[in-house]
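The listed protein sequences derive, respectively, from chains A and B. Residue numbering for the first sequence follows my numbering, beginning at 21 and increasing consecutively. Residue numbering for the second sequence follows my numbering, beginning at 22 and increasing consecutively.
Check before you lean on any hint, since a few could be wrong.
[Said to hold, decoys possible] When the alpha-carbon atoms are kept at most 30 Å apart in a straight line, the in silico DSSO-like pairs for lysine-lysine are as follows: (1) A:K279 / B:K390; (2) B:K250 / A:K280; (3) B:K24 / A:K280; (4) A:K126 / B:K24; (5) A:K71 / B:K286; (6) A:K279 / B:K172; (7) A:K108 / A:K219; (8) B:K87 / B:K172; (9) B:K354 / A:K166; (10) B:K287 / A:K280; (11) B:K87 / A:K279; (12) A:K200 / B:K215.
[Said to hold, decoys possible] Partial list, computed: chain B residues near chain A (C-beta under 7 Å): (13) M232; (14) V279; (15) T285.
[As the list claims (entries may be wrong)] If you want the footprint, here are the derived chain A segments under chain B, 3+ residues with CB under 8 Å: (16) 138-148; (17) 184-191.
Simulated from the structure, these hints should not be mistaken for laboratory data. Predicted model, so just to flag it, every value in this text is computed and none were measured. Even for Gly, the Cβ is constructed at its ideal location relative to N, Cα and C.
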Amino acid sequence: MKILVCIKQVPGTNKVEVDEKTGVLKRNGTDSKMNPYDLYALETALRIKEKYGGSVSVISMGPPQAKAVLYEAFAMGADEGALITDRKFGGADVLATSRTLSQGIKKFGEFDIILCGLQTTDGDTAQVGPEVAEMLNIPSICNIEKIEQVQDNTIIVDMDMPEDIERVRVEFPCLLTVKKDIFQPRLPSYIKQQQTQKKDIDIFTFSDMEDQNEKKYGLSGSPTHVERIFPPTSDKIQQHWQGTAQEISGQIYGLLREKKFIR
Amino acid sequence: MAKLIVHQEKITNSQEFIQICPFNAMQEKDNEVIITAGCRMCRLCEKKGQGAVEYIADEVQPQIDKSKWRGIAVYVDHVDGKIHPVTYELLGKARELAAKIAQPVYALFIGNDIEKEADELLHYGADKVYVCEDSELKYFKIEAYTNVFAKFINEVQPSAILVGATPVGRQLAPRVAARFATGLTADCTVLDIKENTDLVQIRPAFGGNIMAQIQTPNTRPQMATVRYKVMDAPQRLDSAVGTIEHLDVAACDLVSHVDVLSVTKKAKETTIDMADVLVVAGRGIKKKQDLQMLEELAGLLGGEVASTRPLVEIGWLDPKKQVGLSGRTVRPKLIITCGVSGSVQFVAGMNHADMILAINNDSKAPIFKTANYAINGDVYEVVPQLINKIKAGEAVL
Ligand SMILES: Cc1cc2nc3c(=O)[nH]c(=O)nc-3n(C[C@H](O)[C@H](O)[C@H](O)COP(=O)(O)OP(=O)(O)OC[C@H]3O[C@@H](n4cnc5c(N)ncnc54)[C@H](O)[C@@H]3O)c2cc1C
Ligand SMILES: Nc1ncnc2c1ncn2[C@@H]1O[C@H](COP(=O)(O)O)[C@@H](O)[C@H]1O
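So that you can see chain A by itself, here it is in the shape it has in the complex (with noise of 0.2 Å):
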């Protein structure tokens, strides 16, 4: 059994700025790491893995420094890796990520299982998965909150619902997104990070790809465009009540009912 896991490296804080000004963004600190949501995808295969057997990759799209992502999973047991690069690639929205993602996918291999996390913590969108998913032309499960098993060509999961728990079975090859907390992440093995701290990675740029249309990549691939960032208004202004607690209590029914916390 053949397992990708679609990892992403995001910045270590989300502490941004924009510069009223110039409206460009400020960010404080420039550390990156991998994408917290995609650790539990990347623990979910290689539970997979040891409980079935195969193999896990893990792929990742973004500058050439994004390759830390990749060792990181080869330092809690990942197989092997590739980084999709290129200047091309820049600027990309959800679309654009998606194709190029599973474009690099089909260069890469091919996988039974390909798994993301529910979401990331910079474009915050969960829509990566299943447009990959869609563009790869597999079925697609996100919001798994439990692997049930695996069963010839076929995995059954547990997909959360806002009222009731589905059991489906998705033949293989699917694309799943999983849910935080469905296995506990482990921490990376030192020795692992030892043997595969020199390990080579398949690196793929636009040339590479299927689709050789430059105009499907990147900002000009994206369909959505940042017309303008500003920032966020209103709810941080403080305010300090006090008073009896009828007047106060009377203040916060107003302010819940103003907020639509009540209908």
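Based on these hints, arrange chain B with the ligands on the given structure of chain A.
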């Protein structure tokens, strides 16, 4: 991108030829003249090269004909025909947007045995409700639902589509967007529309630290997801105005690689990470049974009770309910802390909440630095009175 092409056969003396370039961006390699990354696109080589260099201009991106895409559509989210209230909120928004551009509102309703419920949608301003029914569509199956959705888009050609950011909408919308190679903006908090039918979509980015305004200027349909309780719920109209249309679906569109084996009703959601509203108990709560008061408040607000570490340590609450550095990180829409001092370890787990209300009887409590609403009062007085007011308000409605 615009580019230059070299016609090798038209070059007589390549050494002389490469001198034309003022930037040294032409080289001879394997008996061919190539243009390197040093090129500044000055096009001197084209002018002086006597036809050996051809300039290929940027293809002008064809502009789509936006007038061919009309109307605002809403995907009807439901479980067994029971319509999720986010649908009505989106219909309200769709009506508002559609009015600005004088176009119709559509609803797309996919399932089995749902026609009865479809009538209700007409009371919320849908001009046409497209119903697609089949026993194969009883459960949400990603491939079949995507196929029906695609068929709807091809037949109706709506300009914009709004989808509730529910577990179903969140996985269905991206597949549809990918199939039509169009933009999908997740979790919009504000939606508006321009005269030229471009949807103005505003959403939080970077964990809510920044807002982004996003448009999909040259593809249709434009797609956006919106969370429950973000838009206003519209008034139900007494009379239904629109009509119900049937959408037929071919058997081949219902083929699926997914089998639903069983559906188990969930015990009431108890995780604090997913709750929209959290009421947090701190050491200001004196007895275990007093937690009932907070449970009641949380219940009225559709939320959960969480706590600080000391209460977990004495065993009043499950460790899963602990917020903070050694507990859970939460990001609800509203968090009300009751008798919590606001230690750094606690605050680290909750300072991204959209709205923070802190009730504490100590006006110098550190939590007041984090709170949006610093409420100086006694939990034992304020909370019961708040509960009474909410209940009285409900009685009036
Ligand atoms: C490594 C480490 C990790 C930790 N991780 C966490 C963690 O993940 N989560 C966590 O919560 N803590 C954590 N702690 C503990 C943390 O430091 C604090 O001890 C704890 O958060 C305090 O909880 P509290 O606010 O409920 O209690 P207190 O600090 O005792 O505060 C009680 C507050 O209630 C107010 N009050 C009392 N009576 C009333 C009343 N009738 N009405 C209104 N207000 C009233 C008081 O004025 C006071 O401000 C951690 C500590 C360490 C060292
Ligand atoms: N650049 C990327 N490289 C690899 N995987 C990605 C990338 N972007 C998104 N993903 C995967 O898609 C999931 C959802 O991402 P998002 O839609 O950005 O919230 C992530 O948890 C990853 O598994």
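Consistency of the hints with the structure:
no. : hint            : in the structure
1   : A:K279 / B:K390 : holds, 22 Å
2   : B:K250 / A:K280 : holds, 7 Å
3   : B:K24 / A:K280  : violated, 55 Å
4   : A:K126 / B:K24  : holds, 29 Å
5   : A:K71 / B:K286  : holds, 29 Å
6   : A:K279 / B:K172 : violated, 38 Å
7   : A:K108 / A:K219 : holds, 26 Å
8   : B:K87 / B:K172  : holds, 19 Å
9   : B:K354 / A:K166 : holds, 27 Å
10  : B:K287 / A:K280 : holds, 26 Å
11  : B:K87 / A:K279  : violated, 36 Å
12  : A:K200 / B:K215 : violated, 39 Å
13  : M232            : holds, 5 Å
14  : V279            : holds, 5 Å
15  : T285            : holds, 5 Å
16  : 138-148         : holds (count 7)
17  : 184-191         : holds (count 8)
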